[in-house]
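A.B. asks: Chain by chain, the residues:
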Amino acid sequence: MNIHEYQAKDIFRRYGIPVPPGEVATTADEAERIARAYGTGVVVKAQVHAGGRGKAGGVKLARTPADARAAAQQIIGMQIKGLTVPKVLVTPAADIASEAYAGVIVDRGSKRAVFMVSPAGGIDIEEVAATMPDRIMRLPVDPRYGLLPFEATRLGFFLYKNAKLAREAAKILRQLWQAFLGSGGSLAEINPLVVTTGGDLLALDAKMVIDDNELDRRPDIAALRDETAENPSELAARRANLTFIKLDGNVGCVVNGAGLAMATMDLVKYYGGEPANFLDIGGSSNPEKVVNALKIITRDPNVKAILFNIFGGITRTDDVANGIVAATRDAPLTVPMVIRLTGTNEEIAVQILQQHGFSAMTDMDEAVQKAVRLATGGKAA
Amino acid sequence: MSIFIDRNTKLVVQGITGRDGSFHAKQMLDYGTCVVAGVTPGKGGQRFENAVPVFDTVADAVAATGANTSVIYVPPPFAADAMMEAADAGIALIVCITEGVPVLDMTRVSPYVQDRNARLIGPNCPGLITPGVSKVSIIPGRICTPGSVGVVSRSGTLTYEVVYQLTRAGIGQTTCVGIGGDPINGTNFIDCLRAFEADPDTKAVAMMGEIGGTDEQQAAEFVRAHMSKPVVGFIAGQTAPPGRRMGHAGAIISGSAGTAAEKLEAFKAAGIGVAQRPVDFVPLLKERL
Chain A
1 MNIHEYQAKD IFRRYGIPVP PGEVATTADE AERIARAYGT GVVVKAQVHA
51 GGRGKAGGVK LARTPADARA AAQQIIGMQI KGLTVPKVLV TPAADIASEA
101 YAGVIVDRGS KRAVFMVSPA GGIDIEEVAA TMPDRIMRLP VDPRYGLLPF
151 EATRLGFFLY KNAKLAREAA KILRQLWQAF LGSGGSLAEI NPLVVTTGGD
201 LLALDAKMVI DDNELDRRPD IAALRDETAE NPSELAARRA NLTFIKLDGN
251 VGCVVNGAGL AMATMDLVKY YGGEPANFLD IGGSSNPEKV VNALKIITRD
301 PNVKAILFNI FGGITRTDDV ANGIVAATRD APLTVPMVIR LTGTNEEIAV
351 QILQQHGFSA MTDMDEAVQK AVRLATGGKA A
Chain B
382 MSIFIDRNTK LVVQGITGRD GSFHAKQMLD YGTCVVAGVT PGKGGQRFEN
432 AVPVFDTVAD AVAATGANTS VIYVPPPFAA DAMMEAADAG IALIVCITEG
482 VPVLDMTRVS PYVQDRNARL IGPNCPGLIT PGVSKVSIIP GRICTPGSVG
532 VVSRSGTLTY EVVYQLTRAG IGQTTCVGIG GDPINGTNFI DCLRAFEADP
582 DTKAVAMMGE IGGTDEQQAA EFVRAHMSKP VVGFIAGQTA PPGRRMGHAG
632 AIISGSAGTA AEKLEAFKAA GIGVAQRPVD FVPLLKERL
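In the order they appear, the protein sequences are chains A and B. In terms of our numbering, the first sequence opens at residue 1 and continues consecutively. In terms of our numbering, the second sequence opens at residue 382 and continues consecutively.
Wrong hints could be hidden among the right ones.
[Unchecked claim] With a straight-line Cα cutoff of 25 Å, these simulated SDA-like cross-link-like pairs (lysine to any residue) come out:
hint: 1; chain 1: A; residue 1: LYS269; chain 2: B; residue 2: ALA650
hint: 2; chain 1: A; residue 1: LYS207; chain 2: B; residue 2: ASP661
hint: 3; chain 1: A; residue 1: LYS207; chain 2: B; residue 2: PRO622
hint: 4; chain 1: A; residue 1: LYS55; chain 2: B; residue 2: GLY624
hint: 5; chain 1: A; residue 1: LYS81; chain 2: B; residue 2: LYS584
hint: 6; chain 1: B; residue 1: LYS667; chain 2: A; residue 2: THR27
hint: 7; chain 1: A; residue 1: LYS171; chain 2: A; residue 2: THR27
hint: 8; chain 1: A; residue 1: LYS207; chain 2: B; residue 2: GLY481
hint: 9; chain 1: A; residue 1: LYS55; chain 2: A; residue 2: TYR15
hint: 10; chain 1: A; residue 1: LYS304; chain 2: B; residue 2: ARG658
hint: 11; chain 1: A; residue 1: LYS246; chain 2: B; residue 2: PRO623
hint: 12; chain 1: A; residue 1: LYS81; chain 2: A; residue 2: THR243
hint: 13; chain 1: A; residue 1: LYS55; chain 2: A; residue 2: ASP248
hint: 14; chain 1: A; residue 1: LYS269; chain 2: B; residue 2: PRO527
hint: 15; chain 1: A; residue 1: LYS246; chain 2: A; residue 2: ALA97
hint: 16; chain 1: A; residue 1: LYS55; chain 2: B; residue 2: PRO527
hint: 17; chain 1: A; residue 1: LYS171; chain 2: A; residue 2: THR196
hint: 18; chain 1: A; residue 1: LYS55; chain 2: B; residue 2: ARG489
hint: 19; chain 1: A; residue 1: LYS161; chain 2: A; residue 2: MET116
hint: 20; chain 1: A; residue 1: LYS207; chain 2: B; residue 2: THR640
hint: 21; chain 1: A; residue 1: LYS269; chain 2: A; residue 2: GLN355
hint: 22; chain 1: A; residue 1: LYS269; chain 2: B; residue 2: THR595
hint: 23; chain 1: A; residue 1: LYS269; chain 2: B; residue 2: GLN427
hint: 24; chain 1: A; residue 1: LYS304; chain 2: A; residue 2: THR344
hint: 25; chain 1: A; residue 1: LYS269; chain 2: B; residue 2: ARG489
hint: 26; chain 1: A; residue 1: LYS295; chain 2: B; residue 2: PRO622
hint: 27; chain 1: B; residue 1: LYS649; chain 2: A; residue 2: LYS295
hint: 28; chain 1: A; residue 1: LYS81; chain 2: B; residue 2: PRO527
hint: 29; chain 1: A; residue 1: LYS171; chain 2: B; residue 2: ARG489
hint: 30; chain 1: A; residue 1: LYS81; chain 2: B; residue 2: LYS649
hint: 31; chain 1: A; residue 1: LYS246; chain 2: B; residue 2: GLY481
hint: 32; chain 1: B; residue 1: LYS584; chain 2: B; residue 2: ALA638
hint: 33; chain 1: A; residue 1: LYS60; chain 2: A; residue 2: THR27
[Stated by the list, open to error] Partner residues are not named here, just some residues of chain B that face chain A (Cβ under 8 Å, in silico):
hint: 34; residue: MET382
hint: 35; residue: MET465
hint: 36; residue: GLY481
hint: 37; residue: PRO492
hint: 38; residue: ILE519
hint: 39; residue: GLY522
hint: 40; residue: ARG535
Don't read these hints as lab results, they were simulated from the structure. The structure displayed is predicted, hence computed values, not measured ones. All C-beta atoms in this analysis are idealised placements derived from N, C-alpha and C, irrespective of residue type, glycine included.
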């Protein structure tokens with residue numbers, strides 16, 4: 001789960017990390033009022049779950065309250081990478097002497113959380129890794145001991161030659177580790193970590209990604225989810241316990257299992273079509289899930305054909321068939337549908353479908369080819 | 382022969398009285414797997430299906446039955462503890478089916494299991510099956526048939542699809558292993574490839590990877606340097622957008638790393654046959670057997 005910058009800063013603040021003050025505005029009026037109260041120049045920052053906010057025009061410096069108002073007017077409601085910006089963070093502009101990077105992520109290779117720091121901050125860390133790898137220090141954390149003080153000190157001195165700054169940075173890194181652990185993070189990042197002209201360290205930006213698998217045991221963190229910042233179809237899918245990702249094509253896909261769902265999308269592409277989505281109805285499917293899946297897919301006006309690809313293991317294909325029948329009884333389809341199912345209770349499923357005027361296929365490749373043909377305007381095969 | 386499980390596998394089912402655990406314990410018994418014990422704290426003394434004794438702890442189960450393999454169906458908040466309990470009790474092979482284990486839990490489980498010389502498969506995996514001999518998994522037994530192809534995959538239903546097509550085409554399997562779709566798991570592709578290379582009955586390997594991470598790239602390098610047996614590979618997620626988690630926690634292209642294209646490139650460079658579609662495994666394996 002992604003959380004906003006202002007939410008990550010709230011968490012950081014709770015763990016003692018120095019972050020600048022800031023307030024959230026959902027209207028231009030509010031942004032102006034907040035800027036006036038600070039009485040200084042402010043930065044108006046889009047709060048949206050997409051990278052590259054700055055390049056997209058989602059971060060603006062405002063010298064006066066009127067400027068802040070104008071900036072908020074522009075930013076709130078704008079689209080960044082297909083997502084609508086629901087709110088902005090208004091924060092006093094800082095005088096920056098230098099910018100560094102500090103982050104901790106879960107690293108698959110070493111099977112550990114790994115700290116990464118770089119004195120080259122303010123830019124994408126992947127870019128630093130590609131162009132100046134010697135400017136990054138990586139330190140895997142032994143989960144038995146956590147980030148030890150001497151390790152934090154080493155990282156601190158890699159960032160700053162000045163002993164006072166290095167010690168302060170070490171303290172921030174230990175606080176960052178606690179914030180990361182305490183929130184169930186898969187990533188926590190300060191970019192940039194700045195030294196102000198006054199000589200203080202400040203986490204000017206904050207980013208956290210929470211491991212979805214942590215949310216059940218951390219209701220306080222789960223409550224940070226901002227549904228206004230999500231794609232509406234993906235939100236509806238999540239509420240229905242489906243994994244759905246919207247894409248740009250016209251073949252709507254309903255599949256059980258993530259690997260098979262990806263392979264089905266790839267096969268659509270292989271046969272000259274474009275998938276409209278990734279949708280996994282999961283293992284133990286019930287008819288209700290299928291009903292919800294069809295609702296979500298048919299909401300997309302780009303969808304010209306629907307493809308079911310079900311391999312029944314734990315999933316009972318008769319459940320899926322019943323779901324298809326129920327969904328189309330409530331809301332008849334306006335686009336053609338191709339159903340491929342095989343496995344558990346296949347004979348019953350085929351019978352149910354035939355009784356309601358649907359035909360079922362057993363071969364994945366044939367089904368995909370047919371769906372692509374239908375989506376691209378060919379007549380029903 | 383086979384890898385990891387065989388006639389000597391004596392299985393304990395952790396979470397045997399739960400909804401999923403009891404369903405699959407029954408399926409494994411029906412398949413002929415030697416299920417010697419179940420564990421559910423507080424239900425020690427009961428019998429599952431009037432046959433399998435249930436214990437309060439894995440240590441009790443091992444002491445009483447000599448179980449050497451465990452399969453875990455407990456809910457995600459308790460899965461990490463269950464894996465560590467099995468390792469501590471001296472279980473040599475731990476298979477965790479549970480989906481939704483927090484990744485920070487896995488950073489702790491991983492060294493714990495390793496220190497006790499246990500092999501972990503999963504979590505978030507379908508388990509493994511040696512057709513006709515032993516099933517420690519949720520893989521439907523009837524889609525598999527004994528033979529000479531080793532199968533290893535990060536996915537569940539995609540594995541079923543491929544295995545089903547192999548079986549229909551008369552290509553049997555030594556062992557099918559689902560290593561799971563999480564970013565941190567116990568057994569990786571290389572572990573399985575090494576075991577298949579050492580198994581005299583395995584003549585070729587089918588490998589199904591997906592986007593995210595570098596496990597497939599490292600596996601390709603291993604194949605190039607250390608394998609004499611032919612390998613055919615597939616990567617799911619060629620049409621996946623970057624930065625989005627495609628169902629599996631580990632199936633995500635981070636920045637520009639972990640794409641299907643780079644993995645397929647690594648396969649080709651290592652002489653691995655590339656299946657563009659799941660159905661392509663059949664002719665590619667037939668050519669190589």
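A.B. asks: Now tell me, hint by hint, if it's right for this structure.
C.D. replies: Structure-based check of all given hints:
This hinted pair checks out: A/LYS269 and B/ALA650 have alpha carbons roughly 24 Å apart, not beyond 25 Å. Distance hint between A/LYS207 and B/ASP661 is unfulfilled; the C-alpha atoms sit about 43 Å from each other, more than 25 Å. About 21 Å separates the Cα atoms of A/LYS207 and B/PRO622, which keeps this hinted pair within 25 Å; it holds. Among the hinted pairs, A/LYS55 with B/GLY624 is consistent with the structure: their alpha-carbon atoms are about 18 Å apart, no more than 25 Å.
Straight-line distance between C-alpha atoms of A/LYS81 and B/LYS584 comes to about 48 Å, which puts the hinted pair past the 25 Å bound. Proposed proximity of B/LYS667 and A/THR27 is contradicted: the alpha carbons are some 65 Å apart, above 25 Å. Between A/LYS171 and A/THR27 the CA atoms are separated by roughly 37 Å; this puts the pair beyond 25 Å, and the hint is violated. With a C-alpha separation of about 23 Å, the suggested pairing of A/LYS207 with B/GLY481 holds against the 25 Å cut-off.
At roughly 30 Å between alpha-carbon atoms, A/LYS55 and A/TYR15 are farther apart than 25 Å, so this suggested pair is violated. Between A/LYS304 and B/ARG658 the CA atoms are separated by roughly 23 Å; this keeps the pair inside 25 Å, and the hint holds. Proposed proximity of A/LYS246 and B/PRO623 is supported: the alpha carbons are some 13 Å apart, at most 25 Å. Only pairs whose Cα atoms come within 25 Å are accepted, and A/LYS81 paired with A/THR243 is accepted, the gap being roughly 20 Å.
With a CA separation close to 23 Å, the supplied pair A/LYS55 and A/ASP248 stays within the 25 Å bound. The straight-line distance between the Cα atoms of A/LYS269 and B/PRO527 is roughly 33 Å, outside the 25 Å bound, and the hint therefore fails. For the proposed pair A/LYS246 and A/ALA97, the alpha carbon gap of about 42 Å is over 25 Å, so the pair is violated. Using a Cα cut-off of 25 Å, the hinted pair A/LYS55 and B/PRO527 is violated, with the two alpha carbons roughly 57 Å apart.
Taken as a hint, the A/LYS171 and A/THR196 pair is honoured in the structure, with Cα atoms around 17 Å apart against an allowance of 25 Å. Of the supplied pair hints, the one linking A/LYS55 and B/ARG489 is violated, its CA atoms being roughly 39 Å apart against a limit of 25 Å. Only pairs whose Cα atoms come within 25 Å are accepted, and A/LYS161 paired with A/MET116 is accepted, the gap being roughly 17 Å. Between A/LYS207 and B/THR640 the alpha-carbon distance is near 24 Å, which keeps this suggested pair within the 25 Å criterion.
Proposed proximity of A/LYS269 and A/GLN355 is contradicted: the alpha carbons are some 32 Å apart, above 25 Å. Under the criterion of a C-alpha separation no larger than 25 Å, the hint pairing A/LYS269 with B/THR595 is consistent with the structure, at around 24 Å. Between A/LYS269 and B/GLN427 the CA atoms are separated by roughly 53 Å; this puts the pair beyond 25 Å, and the hint is violated. For the given pair, A/LYS304 sits about 29 Å from A/THR344 by alpha-carbon distance, which is inconsistent with the 25 Å threshold.
A threshold of 25 Å between alpha carbons decides the hint, and for A/LYS269 with B/ARG489 the separation of about 40 Å lies outside it, so the pair is violated. With a C-alpha separation of about 23 Å, the suggested pair A/LYS295 and B/PRO622 falls inside the 25 Å cut-off, and the hint holds. The straight-line distance between the Cα atoms of B/LYS649 and A/LYS295 is roughly 41 Å, outside the 25 Å bound, and the hint therefore fails. About 49 Å separates the Cα atoms of A/LYS81 and B/PRO527, which puts this hinted pair outside 25 Å; it is violated.
For the suggested pair A/LYS171 and B/ARG489, the alpha carbons sit about 24 Å apart, so the restraint of at most 25 Å is met. For the hint pairing A/LYS81 with B/LYS649, the CA-to-CA distance comes to about 34 Å; that exceeds 25 Å, so the pair is violated. As the CA atoms of A/LYS246 and B/GLY481 are separated by approximately 23 Å, the hinted pair is consistent with the 25 Å bound. Distance hint between B/LYS584 and B/ALA638 is unfulfilled; the C-alpha atoms sit about 32 Å from each other, more than 25 Å.
The suggested pairing of A/LYS60 with A/THR27 holds, with an alpha-carbon distance near 15 Å, which does not exceed 25 Å. At about 26 Å, the closest approach between the beta carbon of B/MET382 and any beta carbon in chain A exceeds 8 Å, and the interface hint on this residue is violated. The criterion of a C-beta within 8 Å of any C-beta in chain A is not met by B/MET465, whose closest approach is roughly 12 Å, and the hint is violated. Given the 8 Å rule on beta carbons, the hint for B/GLY481 holds: about 5 Å separates it from the nearest Cβ of chain A.
Nearest Cβ of chain A to the Cβ of B/PRO492: about 7 Å, under the 8 Å cut. The hint holds. Proximity of B/ILE519 to chain A holds as hinted, the smallest CB-CB distance being about 6 Å (cut-off 8 Å). The closest approach between the C-beta of B/GLY522 and any C-beta of chain A is roughly 10 Å, which is over the 8 Å cut-off, so the hint fails. For B/ARG535, the interface hint holds, the least distance from its beta-carbon to any beta-carbon of chain A being 7 Å, beneath 8 Å.
Checked against the numbered hints given earlier, this structure breaks hints 2, 5, 6, 7, 9, 14, 15, 16, 18, 21, 23, 24, 25, 27, 28, 30, 32, 34, 35 and 39; the rest are met.
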